[in-house]
Every structure is written in structure tokens, then in C-alpha cells.
Amino acid sequence: MPLGKTRPALILHGGAGARRERDYSREVVHMREVVEAMKARLDAGAPAIDVAVEAVVLLEDSGLYVAGKGASPNLAGAYELDASLMDGSTRKAGAVAALQGFRSPVRAARAVMDHTPHVMLVGEGAALFAHDQGLEAIADEPSWFTHAGKGEDNHPPGTAPDALSHGTVGCCVLDSEGRLAAATSTAGVFGKMPGRVGDTPIPAAGTWADGRVAVSGTGQGEYFIRVAAAAQVGWRVGAGQTITDAARAVIDDIGGLGGDGGLIALDADGNIAHPFNSQGMKRAWLTTDGDIGVEVFGV
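Residues in the sequence shown are numbered from 1 upward in steps of one, following UniProt numbering.
Just so you know, the hints here were simulated from the structure itself, not pulled from any lab data.
Straight-line Cα separation of at most 27 Å, DSSO-like style, residue types lysine-lysine; simulated pairs:
#1 Lys69 <-> Lys39
#2 Lys39 <-> Lys5
#3 Lys39 <-> Lys92
So the derived label-pair ranges between C-beta atoms look like this:
#4 Arg91 <-> Leu128: 24 to 34 Å
#5 Arg22 <-> Asp132: 38 to 48 Å
#6 Gly195 <-> Gly134: 20 to 30 Å
#7 Arg91 <-> Gly123: 21 to 31 Å
#8 Glu141 <-> Gly240: 40 to 50 Å
#9 Pro194 <-> Lys5: 44 to 54 Å
#10 Gly123 <-> Asp252: 29 to 39 Å
#11 Gly298 <-> Glu36: 13 to 23 Å
#12 Arg7 <-> Gln241: 21 to 31 Å
#13 Lys92 <-> Gly123: 21 to 31 Å
This structure is a prediction, so every number in the text was calculated from the model and none was measured. Ideal Cβ placement from N, Cα and C applies to all residues, glycine included.
Make the full structure from the sequences, and use the hints.
Given below as C-alpha cells:
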């Protein structure tokens, strides 16, 4: 590593809705492949924000997770997708919510950040913007989506937050220039009401990056919003907590309110954290030493 450079690191997740009765061998292989591909990008000097988006696009396109191609419909049969990203070096952010008809919500969120004065676009406005940006549309939604989370939806649909099963993907990156970034994408909780928006597209709730940390959440978003989960990790680290203690405290806070889920976090020194209070959380990481790890149920 050249003098003055940072050793890159990365952590990603494929959702905290994992159930012990399911086999996640395909997801484990895929997550490792994504980390390996992003390691090559980081070694070549790619910026953290680009790598975070690229990793999430690969997770969206796989159809293996409850985001992008893996989405399930809401109670009205529509596919409403959410995403956000944040560049820690500039504190710029972009997001879309309740986006319909487009392949990659995280690409749409990136376009909002890069090409508008806004942070978030929603619904029809987000779709019109995505079209104007030339983003890839989906011609036949019912046949394109894979409904990846069907086996994880073991709760009945309902309006109470604690009756909602979930799935999300996300990535946090530290690049060779010491920049941090995070990106998150989801189809939302299963059985959601039309127009429901969770934490994923909300910077501070589901996604956060600053000069100290990058964070991406996955779980029952109503609770993540109520505790400002992703930003709270950053504030705790800023107050002197380790990233491990900060991330665990936030998940414990969510659990104390009755919610479940997990988060991934990465600090400016390359330390990672991935606590969860659900049965499992699909996740993979690259350490500053170049080691790659993948887990679903282990802590």
C-alpha cells in the first residue's frame, strides 16, 4: 500500500430476515463473489461511493434477496421499491421511495444525488425522473420479479410493525483514500400497504455515511426510523464508543421497542460490526488485511 493510502474494507448484507429452516448456500456463494469483485475495484482505486452502488446493483440484479429483482408485491399487487445512498466525504445523499417500473432503485437514487438539488424523489415523480435519466425499465413486472423472500415470510400480513417480515440489501465501503460510503435497497416488508415507506430510503434511518462511519440497516423499518438507527451509530462513535458497541446498542434499542433486524457498519479504521437480533442476517465482508468472510447465522 503506497504511503498515505488506506487499506480498503467493505461489508455487505442481504437482509436480516434469514430463517434457520432455509438453505442459503446460493446466497453465500453470491455474496462472496460480490465481495471478490468489489475487492478488485477497490484495489484498482475505485471511490467508495461507486463501489457501494456497484455492490448493491449486483445484489439487486441477482434475484436472491428482497430487493430489485427479488422483490415481492405490496397488498395491491404493485412492486414499490426503495433505495438510498450517502457519500461520507461530502455528506451528499440520494434516495427514491415507492419507485415502480425500474430495474435498479439504487441507480435511481444515485442519479437523484448526482443530477438534482434534492435528496429524495418518490412515487410517480421518481419514475418520471428515472425515465428521463434513461434508466432501465422493466417491461413485464410479474414475470421479471423472483419473489426471493417467499420462504422468509412466516408472519401474516398486517399493519402492526411487529407483524411485518422483511428483507433488504446494503453495502458499506472504505476506499484507499479513506472515504466512506453506504448504499441500501429494498422492496420493503412483506404484506406492506400501498405507499408504505420504511427506513431504507431515509438517510439517518436506514443509511448513513460521514467521516467516521458508514452504516446500512435491514429489518422492520418502522423501528429503525423511530431510533434514527443508522445515524445513531455515527453519533455514538463520534461520542467515543467503538463501532462494535455503538452498533450493538442501536440494535438493542430497536429490540427494546419490540422490533427486529440488524445492521452493518464500517469505521474509518476499517473496523466492522454486524449485530442483529433476528434469527440470522446474510452478510459478507472484506477486512483491511484482505480477508473475506461470509456468514448467515453465526454471530
